[in-house]
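Please build the complete structure, drawing on both the sequences and the hints.
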Amino acid sequence: MIESISIALEQPKHEPPTGWRRYFGFSTDHKVIGIQYLVTSFAFFLIGGLLSMVMRAELITPESDLLDRSLYNSMFTMHGTIMIFLWIFPSLVGLANYLVPLMIGARDMAFPRLNAVAFWLVPVFGILLMASFFLPGGTAQAGWWSYPPVSTQNPTGNLITGEAVWILAIAISGVSSIMGAVNFVTTIVRMRAPGMTYFRMPAYVWAVLSAQLIQLAALPALTAGAVMLLFDIVAGTAFFDPERGGNPVLFQHFFWFYSHPAVYVMALPAFGIFSEILPVYARKPLFGYRVVAVSSLLISVVSVLVWVHHMYASGTPGWMRMLFMFSTMLVAVPTGVKVFAWVATVWRGKLRLDTPMLFCLGAIMMFVFAGITGVMLASVPVDIHVNNTYFVVGHFHYIVYGTITMAMFAALYHWFPKITGRMYYEGLGKLHFVLAFVGTNLCFLPMHLAGLHGMVRRVSSYDPEFAFSNVLASLGGFLLGMSTLPFILNMVGAWVQGKPAPDNPWRAIGLEWMVSSPPPVENFEELPIVISGPYGYGKSEPLVSNEAALKPH
Amino acid sequence: MDSSITSEQSIQPALADVAHDHEAHDHAGNSMFGFIVFLLSESVIFLSFFAGYAMIKLTTPDWLPPGVEGLEVSAPTINTIVLVSSSFVIYFAERALKQNKLVQFRLLWLLTMAMGTYFLVGQAIEWRGLQFGLTTGIYGGLFYLLTGFHGLHVLIGILLQGLMLGRSLIPNNYANGHVGVDETSLFWHFVDVIWIVLFCLIYLWQ
Amino acid sequence: MNVKTISLLVVLVSLSLLASLWMGQQAYTWLPPQASAESKLVDDLFSFLVVLGSFIFLGITGTLLYTMLTQQASRFDLSDGPPIEGSVTLEVVWTVIPVLLVFWIAGYSYQVYQQMAIRGPMDIVHMHMGTPSAYAAAADAEPIEEIDVLAKQWSWAFHYPQQNVTTSELHLPVDRRVRLSMTSEDVIHGFYIPAFRLKQDILPKRTIEFEFTPVREGKYRLDDSQFSGTYFAVMQADVLVESPEHYSQWLTTVAKGDRVPAVNSAYTEYNTRQEKGIRPGWPTIKPAAPPLVNQG
Ligand code: HEA
Ligand code: HEA
Ligand code: CUA
Ligand SMILES: [Cu+2]
Chain A
1 MIESISIALE
11 QPKHEPPTGW
21 RRYFGFSTDH
31 KVIGIQYLVT
41 SFAFFLIGGL
51 LSMVMRAELI
61 TPESDLLDRS
71 LYNSMFTMHG
81 TIMIFLWIFP
91 SLVGLANYLV
101 PLMIGARDMA
111 FPRLNAVAFW
121 LVPVFGILLM
131 ASFFLPGGTA
141 QAGWWSYPPV
151 STQNPTGNLI
161 TGEAVWILAI
171 AISGVSSIMG
181 AVNFVTTIVR
191 MRAPGMTYFR
201 MPAYVWAVLS
211 AQLIQLAALP
221 ALTAGAVMLL
231 FDIVAGTAFF
241 DPERGGNPVL
251 FQHFFWFYSH
261 PAVYVMALPA
271 FGIFSEILPV
281 YARKPLFGYR
291 VVAVSSLLIS
301 VVSVLVWVHH
311 MYASGTPGWM
321 RMLFMFSTML
331 VAVPTGVKVF
341 AWVATVWRGK
351 LRLDTPMLFC
361 LGAIMMFVFA
371 GITGVMLASV
381 PVDIHVNNTY
391 FVVGHFHYIV
401 YGTITMAMFA
411 ALYHWFPKIT
421 GRMYYEGLGK
431 LHFVLAFVGT
441 NLCFLPMHLA
451 GLHGMVRRVS
461 SYDPEFAFSN
471 VLASLGGFLL
481 GMSTLPFILN
491 MVGAWVQGKP
501 APDNPWRAIG
511 LEWMVSSPPP
521 VENFEELPIV
531 ISGPYGYGKS
541 EPLVSNEAAL
551 KPH
Chain B
554 MDSSITSEQS
564 IQPALADVAH
574 DHEAHDHAGN
584 SMFGFIVFLL
594 SESVIFLSFF
604 AGYAMIKLTT
614 PDWLPPGVEG
624 LEVSAPTINT
634 IVLVSSSFVI
644 YFAERALKQN
654 KLVQFRLLWL
664 LTMAMGTYFL
674 VGQAIEWRGL
684 QFGLTTGIYG
694 GLFYLLTGFH
704 GLHVLIGILL
714 QGLMLGRSLI
724 PNNYANGHVG
734 VDETSLFWHF
744 VDVIWIVLFC
754 LIYLWQ
Chain C
760 MNVKTISLLV
770 VLVSLSLLAS
780 LWMGQQAYTW
790 LPPQASAESK
800 LVDDLFSFLV
810 VLGSFIFLGI
820 TGTLLYTMLT
830 QQASRFDLSD
840 GPPIEGSVTL
850 EVVWTVIPVL
860 LVFWIAGYSY
870 QVYQQMAIRG
880 PMDIVHMHMG
890 TPSAYAAAAD
900 AEPIEEIDVL
910 AKQWSWAFHY
920 PQQNVTTSEL
930 HLPVDRRVRL
940 SMTSEDVIHG
950 FYIPAFRLKQ
960 DILPKRTIEF
970 EFTPVREGKY
980 RLDDSQFSGT
990 YFAVMQADVL
1000 VESPEHYSQW
1010 LTTVAKGDRV
1020 PAVNSAYTEY
1030 NTRQEKGIRP
1040 GWPTIKPAAP
1050 PLVNQG
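From first to last, the protein sequence lines stand for chains A, B and C.
Residues 1 to 553 (this note's numbering) are what the first sequence spells out, left to right.
Residues 554 to 759 (this note's numbering) are what the second sequence spells out, left to right.
Residues 760 to 1055 (this note's numbering) are what the third sequence spells out, left to right.
A portion of the hints provided could be inaccurate.
Unchecked claim - In silico lysine-lysine, DSSO-like type, Cα no more than 30 Å apart, as pairs:
1) K964/C - K610/B
2) K964/C - K1045/C
3) K499/A - K551/A
4) K799/C - K978/C
5) K978/C - K350/A
6) K499/A - K430/A
Quick caveat, the hints were computed from the structure, so don't treat them as lab data.
Written as structure tokens, this is what we have:
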């Protein structure tokens, strides 16, 4: 750690870009790293999505006919793991990598080399995880929670099992995330441009800061649990083995102490994206900026106090159930503040329904829906019925796909001209939105119904009474799969031969829009001197006092 | 109205100076800040282990493995005293460096390393004398996990100290500051504090 | 605000309220039959949450859709909207109302939870700060039917201690409090009967007590609700709620039957695959031998 920091100390020499090649090497430019993250994670999104297509194909009929049951179990385990650790996390980190230094007026992250190392760990553990498909015992099959004792059962008796590889991959992912978090927090606290006070930072930066603080505070608990689980598997310890006095529920506490806050690590940057994009396309300042900014921090704080809501049925005592029910529901308050602020931002605006705006508005609607089903889940008596059913699966896909992935698409469209210097194709973008919006609802809405009727999750066969919801869900799922095609076409096509983009195609206010598209390696010729808050739409205050000096003369 | 403009104008040249100064980023300061953030996060791993230890100890009926009476406290106490004192030694080493007394620094620094090594050796001797192993029930697992994970940190601390000692032989290495030494020293204090908690939890609370 | 906008608002709010109430009624049709006393409580709570949720959802999406439809800028209009930065009143209102709603929802859920008194959760496990005796209320007076539940990979067995009967179907008398003592032999399983709205994890090496009252005769399904490995999906059992006479008659008949291995889907499926040599999957834990049950 010290070593990598002190290496990072030696000022990296920024070499001039050497074309597309630099994206495949050990670059320390935060913009290159950001793009590396985005592209890598999108590749894994396709793989994770492919696995979900296989699951939906199996589930289109009630019988277990397409796959062996052990393979199905491996599908959802790997799907969940890939989507969370190799799609949502790295893609959001990638976006933050690209944007945060630009938005706060810095030339790079605080520790550029550490940043590059953190990125390169992602393909490493991604490939490691994929490699477990070739093990004789197969991949991990205990779900993305890896609850013992199921996860410590080892039918092949081999030392290197899919589960062991899974834990190793998660551990590397954790190291990478901690490196990233240290870097982001240091950058945001210490590298802001002159005049960029905390309350002049864009709400997105606040959201990233809050999310990274969660990583620092909660991720080590998962590391601790994973270390103990690994010992149980490979060294024969008894931490979680009830036969020998261990306590499997302890693992659940470790897991959820991290993995609940982790959902806000994923959600907060998405909220930040909404706060950033809505003002641009509504031509109005973000409503209640300070409150929105601070509510991110509040959400982080409350989020580490609610984890037991995943364990109501695990044999938690009554007082614990009630306590955590209440704390969980409290999260609705700071989150609601944000939602209302977004609505008020759009209200009476001069709306432009370009692709990024459509994705944002669609995502907010689906988020409200998911939040409401979340509050239902928080209610202990209701959760006792729907826990571990498709109602939960429906709830969280409305967030992880309907909200976060959609927000990610919004961000990719919105900043595409900045990142590539090209304009994307608006028509294809709108087509993508329509397919994704319809697909998400068609796929994940019927799941709620199946869950309420009692369809358990993680099953490869189910009772015929659930067939109808599942056929709808599968069709919706396939539609979702199709919806990525116009997106890929759009991105690749526009990057190769799109119309050149001006520096600020959306007439947006923000430091990143004051430099060229794409920005030069050093970002700013001269560091900006910030003299007013963000989102000055409708006002004629300049954001910086030296705008002309930011770009090379 | 007028006055506000003038005050703004008077601030701006000052800010502009900062902006022009490309090299103004305080790299050493960033490094120290980042390191502190990292240590805070690292302490959560220990906290999780401690919480797990306490929870299992409180809820397990047959806590100690059969035939085990408990841990001997006197030798570990001496070990503890040595480790905790080394925190003071390293502090004086750091101070000597700041006063540019390189030789004194190296001596005190070596003493710290020696004390750390003494601790590790003591720990190893204790481990060898115990009548339970890593896989002896949940107690054995937790004992070795906690002491082992801490011991690993001590080892890393000593290695870092060795690195810094080596660097001190490079002429003028510390002319531009000594974050590396400051960070190593901070890490050492951290490892000490963790040990004190660990000692109370495992040896005193039996 | 003039009279016209106010009355328009009132109309809109009442309309969404009506729609939400209607959704609340629909909510009952999204659920399985109410076969336990607890299910009625849960369903009412759920319906209430649906009303509240629909109202919030309609309010927010309605406003957004209205804005999207009516407030688009024309292509050549490059002006900005009004620079409204916030409003303390509004912000206080939309903080306080959700806080009140949260208290309401949590309070109601707490009440329902107390009335359910399913007790189940272990008392031994954690350092408890005062055991809430209120949860265990209700039942003491009535006669209680005690049944042992044994879960293993991947079968259910039900043991009626008084008659020393073991079965692979769960028979229950209607309108009588039932107390289950549940144990698992290997991994964590979950006891879940959707028609009862009840679920409880079963932890190995621990006995977990669980109580409820079936109120509707019929045949229902019991699922394993906590992922338990390869054949998790087929770890199901039938639950038969019968009139007390029927129930005791069944018990006496069955008590005379011989003990034979139960029919078990996981076991059968595994063995057929082994025999036919179908192995495109990965190695799996072998299903435990089916429990010995009294022939009915
Ligand atoms: C990634 C993002 C994400 C987010 C942001 C959330 C947000 C929330 N989640 Fe969700 N959740 C998941 C991802 C997420 N969740 C995942 C992945 C799982 C399952 C993991 C697994 O089992 O595999 C899960 C599971 C899960 C459970 C466990 C269910 C079970 O297993 O039995 C619960 C229970 O309480 C829950 C609750 C909530 C609540 C209360 C919120 C709240 O934060 C929502 C707050 C938002 C709103 C309420 C809407 C806006 C607010 C207003 C408009 C104000 C007014 C509203 C009211 C007063 C109600 N979630
Ligand atoms: C975090 C993000 C995330 C995302 C984005 C998704 C996206 C999707 N998920 Fe995911 N899901 C999880 C996280 C996520 N999921 C988690 C954590 C679980 C729980 C796992 C567990 O229980 O342990 C889960 C579980 C889960 C289940 C439940 C399985 C079960 O319990 O038995 C289902 C079932 O339908 C499902 C479906 C889908 C579908 C259809 C999509 C769609 O949105 C995906 C759309 C697909 C694409 C966009 C890709 C299209 C690509 C192609 C068509 C081919 C590409 C070509 C090549 C690769 C060459 N998911
Ligand atoms: Cu510890 Cu519940
Ligand atoms: Cu959660």
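Run the distance test for K799/C versus K978/C: straight-line Cα separation, threshold 30 Å.
holds, 18 Å
Between K978/C and K350/A, is the straight-line Cα distance small enough, at 30 Å or below?
violated, 59 Å
Can you confirm whether the C-alpha distance between K964/C and K1045/C stays at or below 30 Å?
Answer holds: K964/C to K1045/C is near 20 Å, not above 30 Å.
Between the alpha carbons of K499/A and K430/A, is the straight-line distance 30 Å or under?
Within the cut-off at roughly 18 Å; holds.
If you draw a straight line from the CA of K964/C to the CA of K610/B, is it 30 Å or shorter?
holds, 17 Å
Regarding the pair K499/A and K551/A, is the alpha-carbon distance no greater than 30 Å?
The hint holds at about 22 Å.
Consistency note: the structure conflicts with earlier hint 5 alone.
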